[in-house]
Structure formats: structure tokens, C-alpha cells
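Residue numbers (our numbering), protein chains in the order written: chain A, 302 to 390; chain B, 48 to 458.
There may be inaccurate statements among the hints.
[To be verified] Short derived list, chain A residues pointing at chain B, Cβ under 8 Å: (1) Val311; (2) Arg312; (3) Arg336; (4) Pro356; (5) Gln388; (6) Ser390.
[Claimed, not checked] Calculated Cβ distances over 10 Å to all of chain B for the following chain A residues: (7) Pro306; (8) Trp353; (9) Leu380.
None of these hints come from the bench; they were simulated from the model.
Computed from a predicted model, the values in this text were never measured in an experiment.
Glycine included, each C-beta is placed from N, C-alpha and C at the ideal position.
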Amino acid sequence: MTPRPLNAPVRIPVQVDPAGEPRAIGLPGPQGRGRAVEVAQVAERWRIDEGWWGPSPLSRLYYRLALIDGRLVTVYRDLDDGTWWTQRS
Amino acid sequence: MVPPRNPDMFGCLVVPRFPLACELGDRPELWGRPVVVAHADAPVVWSASPAATQTHGVVEGQRLSEAMGRCPSLVVLDARPARYEARDAAILDALERVVPGVEPAGLGTAYVELASLARCYRSPAALHAALLGCAPSELRPRLGVGPTKFVAGLAASLAGTHDRSGNVAPNVTVVDGSEVAAFVTPVPVTALPVEAEMIRRLRLVGITTVGQLAALPRHALVAQFGAQGMRLVALLDGAAEPVRPRPREERVRERLAFPEPLTSREAVLAAAAQVLRRVLRHPRRRDRVARQLVVRAETEQGRRWESRVTLRHARCDHDGLWVTLAPALERASLPGPVSELSVELRGLRPSRGWQGELLPTSRASAERRERIEEGMRQLRTRYGRTLVGRMVPVEPWSRIPERRWALVELE
């Protein structure tokens, strides 16, 4: 068995507002069931740029979001291709 | 007939000069004499009697040498903080049996919300008597009632005091909503719940009453006193601050008093082990685990040493707690021979089980190792691999979460 990374990101659908900030997200798994949950507040945001000097650069904009159902989730936008992912941080 | 609900009434129970009141409660013969309470290790007046303040100019915070110079007949009592805290806690407990929410506001002061209580008593006087009865009468408690906590606090500070004509106000002062402006106008600024430095500055510029203060432009107060000024402006404008009840926390405590104070560290440790065993057997613990451990040692002079440890895992096993307790006592610089030792378990909650180590380690017993290895052999036979993984750090410092840890098969 090859080592499997823990906390691997999972792709999610995200609705954004005109400023590009997440407005509603669809969470994976039985709790989310794919339905969109509105974002109540962006609690925190931070950016990670790594490996820009090498062959596989990585650029992510992370958000810690408070959802209207009370959950706190971490999502990020891949700044290379614009896709959204959720991840335990 | 059910009396109408009073929407906004707050009470403030005050024992003026609480440390001194506790001492005079034990020595009533000193009432009316110039008396101060001072810490043994800090020669500064902590609490001064009215006789010392009004006749000799002894004030709190003054150096003891200066106070004794001003008043040669001054009686100086050693402070016993442990005793004051215990009496304060007893008053709060008694109040909580009468009122659902009690907000402590320093030694000997507590705010309560009365709106929901009015209909539980025959008359306001009966309610006031019940509240005053929560503090021992020898401490001479006072009660203020008003439409906000601020007004209730001012009313309590004036209750039972002498006015200029020598009349003594009753122990209870009630201020109705319609009387607030007339009541607060002549109140001296010394009664305000603000820092002493602010009061000193106000008096320096000739502002001695709340009425004079309220006549000032609000922006000037904020410019002079910053955040404190803003809070004061809000209070003067009638802002209602809610009562913030002290959090209720399940706790059990056991103590051991020693007729002969303990001087050696070994004796203190042996006593602590005994108290720990007793608190773990406490019937109110009911197999629950604790989140925090508090150990206190008190001396005959009422001085206290305390150590509070928040446990990494909620637990209630003797060995695990002793590992936390013993080093705290070994390192402690105790304030003197110990006359009482107590151990308290706080944050009690039901045990949700203890997740031990699954994987065989060098510390595991041979039997347990064998059982786990047998289980893994069966998994391998059934699925072709064990399906049991071990977390290994890869780059635990990485900012990218998926690079920190990996799961590898346990073989």
C-alpha cells in the first residue's frame, strides 16, 4: 500500500458573488448531500503560493467559512484553474 | 392578583469594604475604631474603616507607614484573602438559591436581575429582605435597586451611609425609573464604577458629583478618558447592561484541615494523596471525568497558594491525576506551614471512554499484542491486506494540509 495523504482536498461546487467570494457551497458526504448551503460569514482568508520555482507550482486562496447552519468549513480556490475544494486544515 | 411584571429592575448587593467587614465580623469590638487591613507581604492599606478615612485621612492604597503616621492608634489587621474569597463564594451561593442569575462584581459585590422575581414574593420588601439575608448580618450588607445595573450600584453604594445632616440611610435604596435623574445628580463621583485614577482626575478639575459629570459634553469625556469615558457616557445615558451570570460548573471538592500545620514537603504530598483519593470517591462525582484540577493550600494566617491545571484529557484516574498534582506541589513555594489542603475537580462530565493505543507498542502486554496481530492476520486472509494503517508525519510543518501526514499500511 502506497502512502495515502491524509486530509486530501475534495472538489465541491461553489456559488460566488460578483466579487468572487463564496456565497454558497455544496458539501460532499451524507451531511451535505450535495445541496447548497449559504455562507453566513467569511471568518478568515489566507493565500498559499508554493513551488513557484519548480515544475509543479501551487497557488491557493483559502477561506474559513461560517455557514448558516452553524458549521465552520475550510475551502480553497485553486488560483491556477479556478476550481473549488474543501479540506480539513 | 398577580402583580404586573416589572420589566427592568436590577439589584446590587454590596458589602462595603469587604475585607474589613469580614475581619470586623470576627472582631465586633473593633467597629467604630480606626482599622485597616493590609497584606503581610505588601505594606499597603487594602481596606480602611470609615473612622480611619474620615478622621485621619487614611485611604486605600496608602503605604502602611504613612497611614500609621497619620493615625498612631490605627489597628492593623493581616489580610486573609482565602477567608474573604470563601465568604464571598458563600454569599454568591446563597444568592443563587434566591435568584437564578447572579453576576459577581468583585469581592462583596453582586448584581442580580429582579424582574422575574418580583411575582415570587408578597411584596418588594420581602424580596429585598431575602436578598439581604444572603449575606451574614454581621457584614452589614446593603442593597440597591434600580432600572439599570449602574443605578442599582450607585443606590447600593449610598445605602446605609450617613448624609451631611448625620442621618443614616436605610440598608435598602430603591430608585424608580422616574427618579433616576433626580437620584444620580447629587451622587458623588467616588461612587462611580470606574478606576480611581479617573475619579482623581475628575476631582482635580472640580467635578465632584454625577450631575456635574452628566452636564459635560459627551465628546469631551470620551476625548479625556477613552474607552472608560465611552462606557461612562453610555451609563450616564441610561444604557442597560445585562446581568452576566457566573457560569455554573459541576465541581467536587475535598479538603483536609490539620490541627498541627504541615511544614515538610513530604507531609504535604502525603496529605495531598489522601485528599485526592477522597475527592475521587466523592459521591457527587458519579463516575464522571474532570477537565480541570485545582489544588489549594492555606496557612493559619489565611494566606493561600493555589495551582490550577487544565488536563490534556478529561480523566479521573488516581495515577493520571497524581502525575499532574505531585509536580505542582513539589515546585510550589508555599506561603507558610499548611493548615488546610484541598483538591477540587472541575468541569465534571460523563466519561465518553478512553481511546487507548490500538497498535501494538513495546509497552503493550504480550497477550494484547498477540490478539491484535491475530486480528490483522485474519483481515489479511479475508481481504488480501490488513486495511489497518498507521499515521506517519511527512511534513508536519507544511502549510499545505495534505502534505503533513500520510497513512501507510501497518505490516
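Tested hints:
1. Val311: violated, 11 Å
2. Arg312: Violated - the Cβ of A:Arg312 stays beyond 8 Å from chain B, reaching only about 13 Å at its closest.
3. Arg336: violated, 25 Å
4. Pro356: violated, 16 Å
5. Gln388: holds, 5 Å
6. Ser390: holds, 5 Å
7. Pro306: Label violated. Min Cβ-Cβ 4 Å, cutoff 10 Å.
8. Trp353: With a cut-off of 10 Å, A:Trp353 remains clear of chain B, as the shortest Cβ separation is near 13 Å.
9. Leu380: holds, 14 Å
Checked against the numbered hints given earlier, the structure breaks hints 1, 2, 3, 4, 7 and satisfies all the rest.
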